[in-house]
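**Q** For reference, the chains in residue letters:
There are 2 protein chains.
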Amino acid sequence: MLQSKLFTKTRKEAPKDEVSKNAELLIRGGFIHKEMAGVYSYLPLGLRVIKKIENIIREEINGLGGQEIFMSTFHPKEKWVATGRWNTMDDLYKVKDSSGREVAIGPTHEEIVVPIAREYVSSYKDLPFSLYQFQNKFRMELRAKSGILRGREFLMKDLYSFSKDEKEHNDFYEKSKIAYKKIFERAGIGSKTYITFASGGTFSKYSQEFQTLAVTGEDTIHICEKCKVAVNEEIIAEQKVCPECDNDKLQKEKAIEVGNIFNLGTKFSDAFDLVYLDEKGEKKKVIMGCYGIGIGRLMGTIVEVLSDKDGIVWPKEVAPFSIHLVELGDSAEVRAKAEDIMARLEKEGIDVLYDDREVRPGEKFADSDLLGMPYRLVISERSLKEGKVEIKERKTGEMNMVSEKELFDKVFLKKLIGP
Amino acid sequence: MLQSKLFTKTRKEAPKDEVSKNAELLIRGGFIHKEMAGVYSYLPLGLRVIKKIENIIREEINGLGGQEIFMSTFHPKEKWVATGRWNTMDDLYKVKDSSGREVAIGPTHEEIVVPIAREYVSSYKDLPFSLYQFQNKFRMELRAKSGILRGREFLMKDLYSFSKDEKEHNDFYEKSKIAYKKIFERAGIGSKTYITFASGGTFSKYSQEFQTLAVTGEDTIHICEKCKVAVNEEIIAEQKVCPECDNDKLQKEKAIEVGNIFNLGTKFSDAFDLVYLDEKGEKKKVIMGCYGIGIGRLMGTIVEVLSDKDGIVWPKEVAPFSIHLVELGDSAEVRAKAEDIMARLEKEGIDVLYDDREVRPGEKFADSDLLGMPYRLVISERSLKEGKVEIKERKTGEMNMVSEKELFDKVFLKKLIGP
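First to last, the protein sequences are chains F and C.
Per the working numbering, residue 1 is the first one in the first sequence, and the count goes up by one each step.
Per the working numbering, residue 1 is the first one in the second sequence, and the count goes up by one each step.
Simulated from the structure, these hints should not be mistaken for lab results.
Cβ atoms here follow ideal geometry from the backbone N, Cα and C, with glycine treated the same way.
Take every hint as true, because none was put in to throw you off.
Here are the computed lysine-lysine pairs in the DSSO-like style, where the Cα-Cα straight-line distance is at most 30 Å:
id, chain 1, residue 1, chain 2, residue 2
1, F, Lys164, C, Lys9
2, C, Lys51, F, Lys137
3, C, Lys5, F, Lys181
4, F, Lys137, C, Lys96
Computed beta-carbon distance windows for the label pairs:
id, chain 1, residue 1, chain 2, residue 2, range
5, F, Gln251, C, Ala332, 51 to 59 Å
6, F, Ser123, C, Arg335, 18 to 26 Å
7, F, Ala332, C, Lys228, 44 to 52 Å
My request is simple: use the sequences and hints to build the entire structure.
**A** As structure tokens, then:
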């Protein structure tokens, strides 16, 4: 894409009302736009990140056999009354429909997905399966000061599993952990993200959170470096040692919850009578699990933990573009070369943001660092003369001059764009 | 995809509370699920159609230079007060935020997109551009009895153009017409869809609707068969002849509005002071247009106008799967052959729904007609013996026996999956 055509521009100053690093950098880069506290719009660069994150998640959840659906935002009141949550969920938004009836604005989708499942489940042959979606969720957050980490309106992947019995449920639950680890690795925060034991509700001793170390995190976790797992502060009083190896030397850290997986047991099957007939013709309850990842929150977390003083450092698989091609000077030769290289890179399936703007080199470099594509490629009079292009890796700052032949070497390109 | 793994099933009976053909067939086929009047969830088959429609639109709108964004659902009240629509738009949903402040639940996005544009527009050099999104919209419909044609919550593509002057605006407006025609052609309803002159508001004599002929349509249009354009009933009293050729023999027909394009002039630029400095340093107002396509409505219209007594007939480019592979009998040879053919088709990039269920052939054929993939491919003991597979085109009912060699002939495959 030509940067001159991109309707957004970078800003030098952060908006005064934003206190979080993620919102500050994302707004300065033109990735997002704040509409009100906890409510943001995603601009072209930001939406590209969202879509890349969604695609990673889609691939991994499809790998679990998940079937993608898209549920409604408006939920009938009676479904929420049926689960007892109409009056107990404090952050539930309610709105009057044209008929004068109240409806809920979905903060989570058990009330919708379970009645859907019920229409299609009657026999053990119909199980197991799992359903997921990417959807805007709405929660009446009292404090929404963390940028896109905690919104009143936020994008989420929610997955629900339906199993015949505990064993089948546990199998899926364990597989979901592996898929989640893969997702966070591909999103570039794998090494900083810990499976964390948290309180489990009615049906299991623990639930599992995925917590990413961040000094700005709202959560506190206690890490066992031996097992690479953690315990959430909320249960550390009763669980003073590592649940896996009994190690009592746990390291206290701040972290951001980027995902969670939860055994729902029969809580919602009970509410909606979600049952099936087993091989012997006996009625059994369906065992459920739910598995969430906040898409905006994941994007915000990546910015919180991977950015540096100059701006954002996008990991390869979630960057809006793989390469930021920067042209210096306004000679026809430089432009022709830049256009040629862009076309050839795009032919190889590589996303390129091409800075063709007529601005000073210093401004181009500063913008490039702020926007944070994994590689910056500079084409200038000088590079033309030398028959080489300059490549800078955003993460390490490492610079190299390479010939075009080297640049288009498949192995080199693969290294550039990953994974 | 294996049909045995699909969590939905077909139903013989239509739900009693659905009076529209689109909802009846889509619910019977397991494409959608009704949550309440005018509110539906999209199940795996339905979401596949939605995504195919979105991709067609994305390609064509990107071709116009449109930049994709994703705006918020919650809109600050003050933006709606600024345009004067807070109290005048009857179907606007309002909800109280945690702070006690009221917010609007977006029925359209001028109030959001114009302030966003304003942040980045200062000079004539920043124009023109256009922004679009796919978003859930919310409107307090009093009657919501048309299935997914008219919802309280509905998916929409909305595009907004920002131009320096009338000429630039008109250029884009004319190009958008061509893009829209292309979209409806690719969606399979091109020959039934007419550009229709409708009332234009403050800034132009007419706006343009795209109306698709349908006996169940809510709109009435008057067609000039010579020019292939139409006039909406609402302006026929003042416009009794074809606006293009003055032909007064117009044909009255029922139709569904699948899209519209509209000159907004400076209505919203005025409200938010969206101005720029021209080449001479003079302040000028930005000229806007808006361009909508209801995604769910388009899907529903395709069902209304293309289905037959046996079920849905999906056009090639929007079908959830290109081929419905049906295996008959339960011999290991038939299964092995079906799996082999599925794998080879998928390797060619063709979406296949493979009916591997253990049900009677009659049920499989009835389901296949109801679900409506463009081609049905039958593999049975008989076809194995003959060394051929049976292909039936859903639209025409035409059946052919072809050898595997013929099936995998590139030209033949291209014909199958189109475009």
